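These protein sequences, in sequence, are chains A and B. The opening position of the first sequence corresponds to residue 1 in the working numbering, with each subsequent residue numbered one higher. The opening position of the second sequence corresponds to residue 1001 in the working numbering, with each subsequent residue numbered one higher.
Calculated from the structure, these hints are not laboratory results. This one's a predicted model, so the numbers in the text were calculated from it and none came from an experiment. No residue lacks a Cβ here, since even glycine has one placed at the ideal position from N, Cα and C. Treat the hints loosely; a few may be bogus.
[Claimed, not checked] Rough simulated footprint, nothing fancy, chain A against chain B, three-plus residues with beta-carbon under 8 angstroms: (1) 1062-1074; (2) 1077-1090; (3) 1098-1104; (4) 1116-1125.
So you can see what is in the structure, the chains are spelled out below.
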Amino acid sequence: MGKVLAIALNTFKEAVRNKVLYFLLIFALLIMGFSTFISDLSIAAPEKLIKDLGLASIDFFGFLIAVFVGIYLIYNEIERKTIYTIVSKPIDRHQFVLGKYFGLLITIYVNMAIMSVFFFAVLYFRDATSQDKIMDLINPEVNGVRQPVENAESLYYWYHFKMFFIACGKAVVTLFGYSEPITFHLMRVIGMSALGLAIITAFAILYSTFSTPTLSAVFTFLTFVVGNLCEDLLRYAERLARNAGGLQNLSGPDVLKYWFVTIAMHITPNLALFNKRSEAIYDKWDVMAQTERFVAIDPVQVAYGLVYVGGVLCLSCLIFNRRNFK
Amino acid sequence: MIVVETNKLSKIYTHDFIDVEHGRLRFNFMRRTVALADLDLQVGKGEIVGLLGPNGAGKSTTIKILMGILFPSSGSAKLMGRPLGDKAVKAKIGFLPENPFFYDYLKGEEFLDYYGQLYGMSKADRRKRIRELFDYVGLPDHAPNLPLKGYSKGMLQRIGLAQAILNDPEVVVLDEPQSGLDPLGRKEIRDIILSLKDRGKTVFFSSHVLSDAELICDRVAILNKGRLVAQGELGHLLSSKIKDYEVIVTGMRKESVEALRPHAIKCIERDADVLFIFEKEDDVREVLRRVIDENARLVSVTPRRDTLEEYFIREVTRGPGAAETGAQGGAA
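Build out the structure end to end from the sequences listed, making use of the hints.
Set out below in structure tokens:
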């Protein structure tokens, strides 16, 4: 375990000293920051737009890190021949693969944590500086009548300054379970997204054990796209069968289509299971009951994700165990 | 006790069906290259054994198989009496690959600490051992805190050697340890190898420069085109005719160096050290005379014989049967 940890921490160190990571992180933070301005275009629910864009950015940039850092991790070790000195040490090859995987996962999760803190800070700050609250601050209601306060301008700026730091503080503690209505359940969504990324990262590592970085990137991207469309494609296959009046009535190319889609979808991970964004953002309110809906985390889905990660890592180790390093 | 043993060890590479060569597609139907064929080799405990041969002879392939980097196509090998890949044995072996490229984003100390963790050493042991090793391999004081990307070729070779002996191994395997180093750097590596022998270590290394190998090896094995063409003491294998002399002195006066320079094939100055390479023995006598007169210090005098390539060219051009020409094709 100590050796896996050593490799993981070295992988993390390598990623942290890689400039690509910072470009991705800065870009993600810019998008989140920019979302507050775009949200003003939304008349009905600006915070929905910020949440959707923020959560999507965290997920997508986590995916980009998995691809751009992951595909090079093992390839570079072989290409630069650093693998020679590693496999000659008293470690098993699978320990190396696991170390690389967990190192990349640490990198992705640290980045997700930074993006999440920024995202929560934006939400808290916007919430604290909403028009109503500012109005209450500079034009407080006294006996049912709004009256302007003295030095409103300096109060306005001081309030924003103070709220900035409070929002940052709240954002950090939100990572550890604190929440307010504005950030309710968002950590659950990010947690599930992190599990989905653990699967994609395992695939990035798997592809990089036998392929070039370009092909690994293509394969990982395809896995991501197909994994997210999994449920839709399965529905398509079911509809094919239904339209034909049953599976036995399928004919010609439809049979091929049905079985190809069905088999392919059972091999590909169903990444849509780990996307809880819409549940958290759009279905938050149960209109009839006037209460917030719970973003449920199904233990079966979590187990599915973990088993998938385990399976893909086993396959990666099997391939890597048999590789010759010329 | 035998610490390295190979039995009919072979490695055959099968080419990809399609590959790009010189910008053109090439189709390889069942194309194979024999990199190593039926190698039988033994290295005894405490010996310095050189695996010699020209480029592409199969030296690196042999070492890579022993280190678990490649899998043999057939045959078997044992290290310290155990089959390859045994972790307990790996913990007692140190390895330096050819032209090593290390994690250039790590500082010297971080790099050795990482490898120490892979050996399962405790933090206190790592700290103590790393401090000792920086001195032992002759790295400058600022090296521990310098990222490896700032290291020169010689410094990289030294830190590579340091990671190979970090675990105080019983067997040290070095692949072309002197490759790309200047003569003074090569001498320093030679000295380190000899000091390892003094400490009871077994050293198995590959080289294609016989002049260096013959100074330190107890025994040599010579490979050509994947096959073992000879093994034994180097003196028995090569002509005893001296090609030139390498002389290293320190503290010699500038005028003397300038006076000797026209007679030397090569003359390299580094700080107070001067390295000469002379063709004639008389020139060596002249250097010795001046060293005594000027109270300078003689570091070494090394008679140099033919290189391995010259030996092979001579053996091969002598005609069939003089040396085994080995398997078809070659790679390493």
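So which of the earlier hints does this model not fit?
-> Checked against the structure, no hint fails, so every one of them is satisfied.
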